[in-house]
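Novice: Sequence:
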Amino acid sequence: MSRENFIPKDITDLYEKLKKENLKGELSKENDLLIWKLPNHIILKIAINIISDLLHEGYIDTYYLKNGREQNLTHWHPADDEIYEDLMDINEGRTIWVKKRTIWGEWIMIMDKKEYEAMSDKRKSKYSIL
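Going left to right, the sequence shown walks through residues 1 to 130 as the numbering used here numbers them.
Watch out, some of these pointers could steer you wrong.
What the hints assert, rightly or not - Calculated pairs, DMTMM-like style, for lysine to aspartate or glutamate (alpha carbon to alpha carbon, straight line, at most 25 Å): (1) Lys9 to Glu30; (2) Lys9 to Asp61; (3) Lys114 to Asp89; (4) Lys100 to Asp121; (5) Lys29 to Glu70; (6) Lys9 to Glu21.
If you are wondering where the hints come from, they were derived from the structure by calculation, not from laboratory data.
Throw the hints in and build the complete structure from the sequences for me.
Specialist: Structure below.
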């Protein structure tokens with residue numbers, strides 16, 4: 001699915017655009033940070049770093065809420081012309097979080113849904129989608 005190529009000027013611009021979407025979960029703005037609490041206990045903390053007049057960089061930090069505490073999972077730095085698309089991929093289920101069971105415990109990972117769907121049933125049995 002092709003989306004418009006929205007490039008936010010700053011975090012407020014991104015916030016206003018996201019408020020118009022049918023987002024899953026709760027979106028709030030706290031100073032220069034967006035907090036997006038997804039229904040699967042994933043929390044995204046989103047920023048746009050203005051490096052220069054012409055160079056902006058996104059920042060998406062992910063946490064898993066377990067027993068009331070945030071556990072940091074991962075983060076990435078999408079380009080300013082990719083951050084909106086990355087967030088829409090999450091909202092529309094193209095990017096998912098899975099819990100993988102191993103002999104050492106459980107691991108929460110972010111993954112492309114197509115990658116998950118392409119796994120063999122045997123391999124997939126070690127995962128559960130959050």
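Novice: Would the pair Lys9 and Asp61 pass a check requiring their Cα atoms to be no farther apart than 25 Å?
Specialist: holds (20 Å)
Novice: CA of Lys9 to CA of Glu21, is that 25 Å or under?
Specialist: Holds: Lys9 and Glu21 sit about 18 Å apart, inside 25 Å.
Novice: Regarding the pair Lys29 and Glu70, is the alpha-carbon distance no greater than 25 Å?
Specialist: The given pair, whose Cα atoms are some 18 Å apart, holds under the 25 Å limit.
Novice: Between Lys114 and Asp89, does the CA-CA distance stay at or below 25 Å?
Specialist: holds (12 Å)
Novice: Please verify whether Lys9 and Glu30 have alpha carbons no more than 25 Å apart.
Specialist: holds (17 Å)
Novice: Is the Cα-Cα distance between Lys100 and Asp121 25 Å or less?
Specialist: holds (14 Å)
When the structure is compared with the earlier hints, no violation turns up for any of them.
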